[in-house]
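Heads up: the sequence lines are chains Z and V, in that order. Residue 32 in my numbering sits at position 32 of the first sequence; the count goes up by one each step and never skips. Residue 19 in my numbering sits at position 19 of the second sequence; the count goes up by one each step and never skips.
If you are wondering where the hints come from, they were derived from the structure by calculation, not from laboratory data. Any given hint could turn out to be false.
Said to hold, decoys possible - Simulated pairs of lysine-lysine, DSS-like, Cα-Cα distance not exceeding 30 Å: (1) V:K34 with V:K49; (2) V:K2 with V:K49; (3) Z:K104 with Z:K2; (4) Z:K2 with V:K2; (5) V:K74 with V:K2; (6) V:K49 with Z:K134; (7) V:K49 with Z:K104; (8) V:K42 with Z:K104.
To be verified - Negatives, chain Z to chain V, calculated, CB over 12 Å: (9) R12; (10) P31; (11) N36; (12) E44; (13) D69; (14) D82; (15) Y85; (16) T123.
To be verified - Partial list, derived from the structure: chain V residues whose beta carbon lies under 10 Å from chain Z: (17) T8; (18) D21; (19) S24; (20) A56; (21) H64; (22) L91; (23) L96; (24) T98.
Because the structure is a prediction, the values reported are computed rather than measured. Using N, Cα and C, we set each Cβ at its ideal position, and we do this for glycine too.
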Amino acid sequence: MKSALRIACSRRHLQQVRDFVRNHLSNRQLPEVTVNQVVLAVDEVVANFIIHANGEDETQFLDLELDTDGHDINVEIADHSDTVYLPGQHQNPDLSEYIRQGRKGGMGMTLVNRLMDRVEFFTRGNHTVCHLSKHIL
Amino acid sequence: MKVTAQPTADTLTLLLDGELDASSAIVLDTELAKPDILDYRKVLIDCSKLSYISSAGLGVFISHLQRFQDANVKLVFFNMQEKVFNVFEILGLDALMTIVPSATEAEAA
């Protein structure tokens, strides 16, 4: 089953993105924790595209596609700006140091990498695309 | 996201209601940044109505924790839903922050 959504690059649309993912998974009778993990991973990547790749320029937009195939969910998030955005993978941030420094950011992609089985960023033409996938029972 | 403050003598309880994300985190940040919050001995975060938290929400707590510790203000989370606790757990924040099951335990912490 496939679902698609296009949003303008404003963080005000994050709620719409989360509801879209929840709605897509609603008929799978998955544990609430599992649904929340997929919702969170998509929310983090979309927020990064909106804030870091597009500077919250509402004239730009993102396309999301969800595809549940058997026991897997596959997500594509395509950024239509010409900015190439390929985040590094911060696997093990020192959170004690983050607390000491009073840091607000730097955990989003760590979460995404821990929540999902596959995380890939690549370019398609001039645009950046993210693929996420997770095995769900 | 709605934040309701319930002050008592030496404790401030903040009831979080809704979803804490990159859009709404500013509401909580504004509340935690108030200078007079450091006059309390404890700040209790009632998470019973917190249905979602992203890294932006976690970042707000992380960014204020050292300031609270320096002022000897204890930050305690309670009534956290399993799916929200799971996010703290995945990052290992459950080991760095005080998270207890109930209001009674939060008051005793």
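Exercise. Is the hint on T98 of chain V kept, meaning its closest Cβ partner in chain Z is under 10 Å away?
Worked result: With Cβ-Cβ at 13 Å, over 10 Å, it is violated.
Problem set entry | Exclusion check [P31 of chain Z not at the chain V interface, CB over 12 Å] | violated (9 Å)
Problem set entry | chain V versus Y85 of chain Z - minimum CB to CB distance exceeding 12 Å, so not interface | holds (16 Å)
Problem set entry | Holds or violated: K42 of chain V to K104 of chain Z, with C-alpha atoms at most 30 Å apart | With a Cα-Cα distance of about 22 Å, the restraint between K42 of chain V and K104 of chain Z holds, given a limit of 30 Å.
Problem set entry | Check on D82 of chain Z being off the interface with chain V, judged by Cβ distance over 12 Å | holds (23 Å)
Problem set entry | Interface-negative label, D69 of chain Z against chain V, beta-carbon threshold 12 Å | holds (24 Å)
Exercise. Taking only the CA atoms, is the gap from K49 of chain V to K134 of chain Z under or equal to 30 Å?
Worked result: Given that 30 Å is the threshold and the Cα spacing comes to 28 Å, the pair holds.
Problem set entry | Hint status (Cβ of L96 of chain V to nearest Cβ of chain Z, threshold 10 Å) | This hint holds: L96 of chain V lies near chain Z, its Cβ roughly 6 Å from the closest one there, short of 10 Å.
Problem set entry | Cut-off 10 Å, beta-carbon criterion: hint that L91 of chain V touches chain Z | Result: holds, 6 Å to nearest chain Z Cβ.
For this session: Identify whether the interface hint at T8 of chain V stands, where standing means a beta carbon of chain Z within less than 10 Å of its own.
Result: violated (27 Å)
Exercise. Taking 30 Å as the top limit, are the C-alpha atoms of K74 of chain V and K2 of chain V close enough?
Worked result: Holds. K74 of chain V to K2 of chain V sits at ~22 Å (cutoff 30 Å).
Problem set entry | 30 Å limit on alpha-carbon distance, applied to hinted pair K49 of chain V and K104 of chain Z | Roughly 23 Å between the alpha carbons, so the hint for K49 of chain V and K104 of chain Z holds.
Checked against the numbered hints given earlier, this structure breaks hints 3, 4, 9, 10, 11, 12, 17 and 24; the rest are met.
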